[in-house]
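Engineer: What follows is the residue order along each chain.
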Amino acid sequence: MQAVIVLIGASAIAFVLLRIIPGDPASLMLSENATEEEIQQMREQMGLNLPIWEQYINYIKDIVVLDFGNSINRGLPSMQLILEHLPATALLVFWAMVIAIVIAIPLGMYAAVKKNSLSDYIVSVLALIGQSVPSYWLGMMLILFIAVNLNLLPTSGYGSWSHIIMPAFTLAIYQLALIARLMRSSTLEVLNHDYIRTARAKGLPEIVVIFKHVFKNALIPTITMIGLQTGQLLGGAIITEFIFSWPGIGFLTVQSIQAQDYPMIQSLVIISAIVFVVINLLVDIAYAVIDRRIVVDS
Amino acid sequence: MKAFLLRLSKRKTALIALAFLIIILFIALFAPMLAPMDPTEQDIARRLMPPGTVNEEGFIHWLGTDQLGRDVLSRVIYGSRVSIMVAAGAVFIGGAIGLIIGLLSGYSGKWIDSVLMRLVDMQLAFPFLLLALTMVAILGSSIMNVVLVLSVTSWISYAKVVRSSVLSVKFLEFVEATRAAGTSKLSILFRHILPHVMSPFIVVASFQVATLIIAESSLSFLGLGVPVSEPTWGAMLADGREYMTDAWWIAIFPGLMLMLVALCANLFGDGLRDILDPY
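Respectively, the protein sequence lines represent chains A and B. Sequence positions in the first sequence follow the numbering used here and run 1 to 298. Sequence positions in the second sequence follow the numbering used here and run 1001 to 1279.
Calculated from the structure, these hints are not laboratory results. Among these hints, one or two may not hold up.
In silico lysine to aspartate or glutamate, EDC-like type, Cα no more than 20 angstroms apart, as pairs [stated by the list, open to error]:
{"id": "1", "chain 1": "B", "residue 1": "Lys-1002", "chain 2": "B", "residue 2": "Asp-1274"}
{"id": "2", "chain 1": "B", "residue 1": "Lys-1110", "chain 2": "B", "residue 2": "Glu-1176"}
{"id": "3", "chain 1": "B", "residue 1": "Lys-1160", "chain 2": "B", "residue 2": "Asp-1270"}
{"id": "4", "chain 1": "B", "residue 1": "Lys-1160", "chain 2": "B", "residue 2": "Glu-1173"}
{"id": "5", "chain 1": "B", "residue 1": "Lys-1012", "chain 2": "A", "residue 2": "Asp-120"}
{"id": "6", "chain 1": "A", "residue 1": "Lys-114", "chain 2": "A", "residue 2": "Glu-189"}
{"id": "7", "chain 1": "A", "residue 1": "Lys-115", "chain 2": "A", "residue 2": "Glu-206"}
{"id": "8", "chain 1": "B", "residue 1": "Lys-1185", "chain 2": "B", "residue 2": "Glu-1242"}
{"id": "9", "chain 1": "B", "residue 1": "Lys-1160", "chain 2": "B", "residue 2": "Glu-1176"}
{"id": "10", "chain 1": "A", "residue 1": "Lys-115", "chain 2": "B", "residue 2": "Asp-1270"}
{"id": "11", "chain 1": "A", "residue 1": "Lys-115", "chain 2": "B", "residue 2": "Asp-1274"}
{"id": "12", "chain 1": "A", "residue 1": "Lys-114", "chain 2": "B", "residue 2": "Asp-1274"}
To spell it out: a stretch of chain A is covered by chain B in this simulated footprint if at least three of its residues, at any positions, have a beta carbon under 8 angstroms from a beta carbon of chain B; those stretches are [claimed, not checked]:
{"id": "13", "segment": "126–136"}
{"id": "14", "segment": "237–249"}
Positions of the beta carbon are idealized from the N, C-alpha and C atoms, including for glycine.
Pulled out of the complex, with its shape left as it was, chain B reads as follows (with noise of 0.2 angstroms):
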């Protein structure tokens, strides 16, 4: 663990990347106190106001109102709620079902590890985004089915890595001498290999970050996503859309807090890439 941090902080750009991830958690964490107005507060005669209008009660509206008169920072604060909590739901549960699919498929080899890689084939040959939409129509939006669904279609990612790894260790000597001491088969899966396929796994999720979110707002710029009356930065961009060429700002500052968090997560994701994983 020590070496690990050290090794992270001489990469900078990763350390950065970081930093600001923590803070959009932070700012997820505590968006009621840091919110200045109350995001779902409509107020007809405040609507479509640039970036710094002042309004009559003196408050400034940073990042300017939307088409219902609402405070644009406010949503872009609370928008950051459902972005972390769909990703690390997701990416929670998606990890853990391609984490434990992986290991049996690379440890059991045989039919089973033929049925699981067939099952990866087959979820394969359908598009992310369409599977993804096709079972939010069915299931219906709330933030549990959206987390489902993105769980759903990405644990194959993690499989993938994870049976691979487990297929570059499970020959080693080191396994070898623990089969031969007569461990069982779920010991040496989980005290042996599991630490060796932990690095790909982690490196796989942080790059999945990325991708999650970007899902997750893509199904609520399409109303497919969480309620509409949740605040969230794809929601903010569809009605932005609407809005284009007389209030830019309503689709710029969602669409570029959408950027900078899932390059950081990318960047994080290349940092660690590069220190787990050297060669």
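Looking at chain A on its own, in the form it has when it is part of the complex (with noise of 0.2 angstroms):
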């Protein structure tokens, strides 16, 4: 129910964004010379001489059937365009959250682990730069030192390997460092649970302790910030592809930003939104599946 009341909120807050654009949207899909006539035409055809809430209610029809309009820059159906762009966007996140994940999940636990010991600051000094750069320069400097100077990658482009590590690294960055703040802190609060404390006190080994008790435990506020920043990148991995040329939806959003093309960013706006909320369930359902307390409970 929460869901839809936030796709339903969403998508009129996408609907107000594109009305209160300076000018006219019709004579926007129109060349430069189009005559008053063609103006209205075009009005009419996209419904814009409709009173506002009759407008409201047919852009809501068309989203139910997923009927976005057509771009205004390349005249093809938005819909089309988002799908044909989003498999190079979910590869990309899909393989920098795999980096992250794999990453971050043991080094955030080994830093709790070792609290206030030399690798415990060290990961979380090295965890703040990693969520302090900005992610677009970092693209560059290994697109300078790594692809130009050793030219072992290749600059940008899509279509191999080689084309995915630089971007996925890129991306990768900051949500490293935000699973790795967040497991720490999450395994020394578990740490300090009395049932840990039980475990250790009936003679279980530490690594038993650990990966049984702890692990399970710490996981639970990681998997939410993992499915947020999923969502999040989906719709939001923009300068990543942009810097590498991906031709995936943030490349598609910041083409279609720098042409004005309302159409398209008000469709990227809104399958953002829907994905975004997809991925919460999948979360809560995750949950579920990790912590049997959430079905009981609810």
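Work from the hints to combine the two standalone chains into their complex.
Structural biologist: See below:
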């Protein structure tokens, strides 16, 4: 129910955004030397002559059947363009999250178990640096050193394994830092619980305590974060895709914004919201699988 | 306050970070006095000079020159102004909106809370940068618009933290006692609850400085932030991107400054959190 409310609200925000553009969307759709008659015809075709509430109802009807209108720039249906670009973004986000999760979770747990040691300090500082470095600058530095100077990987583009390494790593850094920090703090919290003391007191080896008892419980808040971040990245890998000319949703977004292709931008905004809501639902399901108490509670 | 300063003085990393941030603030304030050259002065004859080059007038370009012959050091110094101004403005406005909504939501409960929190959920559904980019594209580039857009896209972080802090204190005995004594709602909210939510609020604000500085630079990098005539770190990086192989210095220095400022804001935020919220 909550997801439906969020979607309705998000689509209303997207509707309002398109309506507050200075200028007439109909004349934007046509060439500069379009006649007044042509503009009027386009306004009727787009339904802009109708009262605002009627426009909103038509807009909702179109969303329900996933008809987002045509891109001004390319003349193709927005949905078709989004579907064409989505696999590239999904691939990039998938590998970025894999890199981030595989490195961050053990790192965060290790730092927590070795709290206040030198390695904890190093992990914490590295994580803070990871959260502070602008991803596009990191991407540019990778291109300069790895692609241009050392000639190890292609500078940009799409197609092979070698193309995905640098953008995935660039996108992963912030997530890696975030997950490592969260994993560290949630592990520390779990380590203070009584049941961990009990597990140790009954003589379980430390490794069993960590993997069997701490890991699973410390993972719960981290999963929420991973879910939220994946949702954000699917619509937000904008700069990384731009830097590496990666033909995904982010690249499409920058192109559409630069070309003032408003119907396309509106579709991108709505699709990101839908993806975000769907991922949140999946996270809730993942929660219930990991932690049976949640099912009982709800 | 004294106890706070005493605790802060024991945290060397946070202190160093704060000192660096204060230095940057001074650089931004006194940029016209500190910058060796006019950051917008172009001289094609001096384009793409590497760091340390001495020009024909005997002037040293410590960080080199860019593709239009402008002094990179002067541009880096002036660039701090936009970053600081935008971050400060957006923290102030976004913080104020978030604080008021968080207080209202947490204290009123019931339908006000439900409506406001659904609003938060709706906004969370949009990726931060996508929303900011779309809004700037619609409103147009200007410093004020960037501040507004970043405030509108960042208030939720404060609202969520303030709301949960209000929830954790509103049923405590001292609040119940003032309520029983007949104190008005506004007075309870601002005189008794507000001081308790300030600590987490300040911590979020310090982390937001880092996020907003990077967000502003991202908008400028894509050519959608502050007008191109203003030197900004993000726009310098966009210029440097095209000359990476011939003139690495154009992109390295503004990027390093961005990273250092964001790192210091994060380190200071970390220190503050440890001091203000030791649990």
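Engineer: Now tell me, hint by hint, if it's right for this structure.
Structural biologist: Here is what the structure says about each hint:
no., hint, result
1, B:Lys-1002 - B:Asp-1274, "16 angstroms, holds"
2, B:Lys-1110 - B:Glu-1176, "18 angstroms, holds"
3, B:Lys-1160 - B:Asp-1270, "19 angstroms, holds"
4, B:Lys-1160 - B:Glu-1173, "23 angstroms, violated"
5, B:Lys-1012 - A:Asp-120, "17 angstroms, holds"
6, A:Lys-114 - A:Glu-189, "14 angstroms, holds"
7, A:Lys-115 - A:Glu-206, "15 angstroms, holds"
8, B:Lys-1185 - B:Glu-1242, "58 angstroms, violated"
9, B:Lys-1160 - B:Glu-1176, "23 angstroms, violated"
10, A:Lys-115 - B:Asp-1270, "16 angstroms, holds"
11, A:Lys-115 - B:Asp-1274, "15 angstroms, holds"
12, A:Lys-114 - B:Asp-1274, "19 angstroms, holds"
13, 126–136, "holds (count 7)"
14, 237–249, "holds (count 4)"
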